[in-house]
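Undergrad: Residues per chain are reported as follows:
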Amino acid sequence: MRSDGSGSWPLSLAIAAALLAGCSHQTTHAAGKRMIVLGIDGMDPDFVARHWDSLPNLNRLHQQGDFRRLATTIPPQSPVAWSTVSTGLDPGGHGLFDFIHRNPATREPISSMAEVSDPKNTLHIGPYVIPLSSGTVESLRHGRTFWQLLGEHGIPATVIRMPANFPPAECEQESLAGMGTPDLNGSFGTFSFYTNDPAETRSEVSGGHIIHLPPKSTSAVLRIEGPPNTLRKDRAVSYVSLTVHADPTAAVARFDAPEQQFVIRQGEWSDWQRADFTLIPGIKSVSGIFRIYLQQVHPYWRIYVSPVNIDPGEPALPISTPADYSRTLETKLGPFYTQGIAEETSAFRAGILSKGEFLEQSRKVLADSLRMFHYELRHFSSGLLFYYFSSIDQNSHMLWGKYDDDLLDIYKQVDSAVGDAMAVPDTELLILSDHGFARFDRAVHLNTWLMQQGYLTLDDPTKTGDDEEFAHVNWNRTEAYALGLNGIYLNLYGRENGGIVSPADKEDLLNEIAQKLLEFRDPVNGEHVVDKVFFSSTAYRGKNLRLAPDIIVGFRRGYRASWQTALGAVPPVMLEDNNQAWIADHCMNPDEVPGVLFCNRKFRAAHPQMADVPATILSEFGVPLAPGMLGHTVF
Amino acid sequence: MDVFNAIVNAVLRAFFAAFSWAGTNGAWLSLTLLSVLVGVGMLWVFRKTSDQGAIRAVKRKVHAYLLEMRVYVDDPGATWRAQNSLLKANLRYMGLALRPALFMVVPVGILLIHLEAFYGRAPLEPGRPVVVTAGLRGNADGPPPELVPPRGFEISAPPVRIPDEHEVSWRIVPRVAASGELHFQIGGQSITQDIVAGGGQRFIPGRRVHSAWDAIWHPDESRLPAGKIEWVEVAYPSASLGVFGIHMNWLVWFLIVSMLAALLLRKRFGVTL
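Those protein sequence lines, which keep their order, are chains A and B.
The numbering of the first sequence is our numbering, which starts it at 1 and goes up by one.
The numbering of the second sequence is our numbering, which starts it at 1 and goes up by one.
These are computed hints drawn from the structure, not numbers from a lab.
Beta carbons: idealized from backbone N, C-alpha and C, even for Gly.
One or more hints might be untrue.
[What the hints assert, rightly or not] Taking CB as the label site, the calculated pair distances span:
no., chain 1, residue 1, chain 2, residue 2, range
1, A, P322, B, G23, 28 to 38 Å
2, A, P56, B, R13, 56 to 66 Å
3, A, K602, B, S240, 51 to 61 Å
4, B, A78, A, L123, 35 to 45 Å
5, A, Q296, B, Q189, 41 to 51 Å
6, A, P127, B, G23, 17 to 27 Å
7, A, R363, B, G23, 48 to 58 Å
8, B, S211, A, V221, 48 to 58 Å
9, A, T427, B, R13, 52 to 62 Å
10, A, R363, B, P107, 52 to 62 Å
11, A, H298, B, V105, 45 to 55 Å
12, B, G127, A, P299, 27 to 37 Å
Chain B with its partners taken away, still in its complex shape:
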């Protein structure tokens, strides 16, 4: 899993870096292109994995039943039958779309999880405190937990040990725009976690985890080695994507563009959706 995550991350980071020339517009430009590529990719998967003939047939039936409802609008019996048939045809259409959807859900899901680190989190704001938390296996007994922040960051409160939750939290304040590694020393284990403050939108790892299962959902950094620390997390603020002055969650723009791309290019790819 680590190798797979590292490869996906490296590819995405290279892709994102290719838009550094665009400055603050880099985020939405890169996401737009990526969304178009995903839309095209979904078309390809749809063509390869769906029964195109059956889809065309069921869509013709849908049109026919709609026409029947308009033509026999004065005949309640015929309208009722057409509605029933329309419902069945729709269910059949959804059934036919299920197979390609199943093929797409895993890769697209993995991609979206990875993209959260690029578009979903905003860098910390200098001067604004943030909570950094370590999840532990068992309680934080033994020597007191230690956290050493990189230059430009300051710990502004003592750690809060929460035995019931098996967690330790620190309050950290970035004093300037900076990035570096947080060094944790807990229960004899030493680990690091990247931290980013100020500057534009970029790759920002959120939570670093130990368990392989958790690594599926938090793939931004390599897994933690076995030990006292189960996970560490910096509570970054959510980013919003600005497109022509309108701010939205990146996922909204991704869905709009990828679906639009798929709709506009479907004939060029010879796909019936």
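For reference, chain A alone in the conformation it holds in the complex:
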């Protein structure tokens, strides 16, 4: 897979051929073939078509190769769609239906992608808990990935940042985990914001903590939180302290970390800072990396600290295969974002970062990604290279339809990367996105709608609000509830703890709710809110439906489930304007938000779908599809 640049390649080739002939892998006719697949999250076919002139490489690919709209999954959510790309299974096969699932017994929201379990056997000594067996980190995605199948047939593959691939699928291929990789705290990304600005009164915002510093201080101690200390009985959060000193008048400050100092000016980002979070003093610590943005020095401190990322040089959790591959990348490239979704949309949504500041951080993420992409491109010599870009998706959420010029800049940078991939000779190039984009104008509180339709009941009807996890729901009188961005679940007897809907009544109830959803109109403009309704029992061919919502709601363009719905809240109104910085989305009717599929050769398939991508890759390398894979080659 790696070119060593030596001049003895004929000998190396002969040795490699002899080794391949003798190894246990099944070999294929595709030895020496090269294919690059670029996964560009959220690239929208209409946006691309509107800007062909500004995207010369995609335009060239369109002219010289081919371009199609790529049908997305039900629902059109990234972990769901990319899992279909990884495995060739539909959500009913790979078992991911949303970013968020629920535990049927408790109805608590849980991550759909991975589960971390503590060690089963432990020894308690004083305040410490000594593990006698390993804890586990388990991917919840089912099915064999296309790069595992390639590996089994002796085809080398490098797969960088494939979403929902945390922990990475076990194999000998080189891979780096993508979306779903947590920060060191175990969340999808929790920033910290330190301030003594009296105007800032919040202490918690979605995706971040706000820490209040003493007033009128030119020096302050920042307590940067790491992971909960699982080696202590009280699971106290580990932390490192940073002292920051401001110049009395100038907008500049010096940060003193335990082993390093750095100076940053107001409006600047620091380089990556590495910190060891002590779990047992002198014995065990975990390493994390973070960046600091000095937003303001005078008259008040305003300091943003990024989520603490898993240190790729000393990963505390498995983030690559082979396990030391992240260390290899770190040695070659320096520290890089390991957090699955690195763009700081949460701080922008919370009003802590401005649009300009968000864009600057986002450019850093893309620069980080392009650096790694070019490294992989330089070292790619045979087999498959898959590389994933998150920037268009995350920026589209914040810029779509309102700041198109800024968004186009991101598209242009990705287009430039496409050009670099096109320059690799004798290589098949496939480019896809998992979904497109649409405006998100109106937020739908699905639980409130269910309540108003009589399917969900509160203990006290006045207790509507933003309390999450169905805080005031009376489960003895609730037939259905919504969680995640597209899902409605029945409170089913025998499945949900204390469920009241008899399995015999399930189908009638589903049909009744579906009919009402399709009739649901926005009282403000009279428009239908929902375009399509899907039942998991019939929408999927796979039968791995244990955690599937019973109904998947295909919202009309412009509508989406509210943030409150995603975590089980029941606000007082059914619909409200989306006034947040997150102005666009794709968790709607899948027909409205298709992805893109480009190639440097012609397609035969007129209407390709996500599952066709892995089928095409395997077919190109002469590797048979695994049982249950649904797609067909597009050629």
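Starting from the structure of chain A, add chain B where the hints point.
TA: Chain B only, in chain A's frame:
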């Protein structure tokens, strides 16, 4: 102290320069030879300052007690007595080793402090910012503190004055591989400090100080004259010594080689350790 430090520095710099022919291998080669010489030197000091007869006697006893424990393994009483005696003999051995250790600790300690400038600090990486700090007597009142970097270096942020700590810090970025002198002008005092970026491992002074006591621990450059500035420091990254592809702190290699040399050459020097 200045004269002593200058002499030690000059000798070490000459020694280090003698390995310039080895290019990037010069650092570990010179340190290896130096470690062997130190190992031999320690043997000589050990022979001259220790009671070799008493050491030989106590080592014989240690062997005897170990043998006793093996022979009388079925006799708990005898084993227990042998263990007690073994412990006492070991303590006696450590006592005998204490005298030569005391003779060695000062010169070896001084040598190690000096060697930090040769092996412990890596040159600054071009393009990567670094913090330069001046420690002051009292606050930085009066005219604003000034720092003029040499060619190839750039100040990339205004100075940070920290009254509580009596310090001023600058952020400096080496744009290319270069070396030269930083010129500080603070409270009417002008001083210089060497700065080094890029290139291979070499002598890199870390902190320049005024106080005689501090100069023991920071002997790389001549002491600062009395005035407003107590010390100046460039925060160099730590160097790692690469030996056959394995990277480690230079002190680890120094200890391994010097102890190994002492162990291997002890009979040739007629020393019982």
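Undergrad: Taking the hints in turn, state whether each one holds.
TA: Hints and how they fare:
| no. | hint | in the structure |
| --- | --- | --- |
| 1 | A:P322 to B:G23: 28 to 38 Å | holds, 33 Å |
| 2 | A:P56 to B:R13: 56 to 66 Å | holds, 57 Å |
| 3 | A:K602 to B:S240: 51 to 61 Å | holds, 54 Å |
| 4 | B:A78 to A:L123: 35 to 45 Å | holds, 37 Å |
| 5 | A:Q296 to B:Q189: 41 to 51 Å | violated, 34 Å |
| 6 | A:P127 to B:G23: 17 to 27 Å | violated, 53 Å |
| 7 | A:R363 to B:G23: 48 to 58 Å | violated, 40 Å |
| 8 | B:S211 to A:V221: 48 to 58 Å | violated, 29 Å |
| 9 | A:T427 to B:R13: 52 to 62 Å | holds, 54 Å |
| 10 | A:R363 to B:P107: 52 to 62 Å | holds, 55 Å |
| 11 | A:H298 to B:V105: 45 to 55 Å | holds, 50 Å |
| 12 | B:G127 to A:P299: 27 to 37 Å | holds, 34 Å |
When held up to the earlier numbered hints, the structure conflicts with 5, 6, 7 and 8 and fits the remainder.
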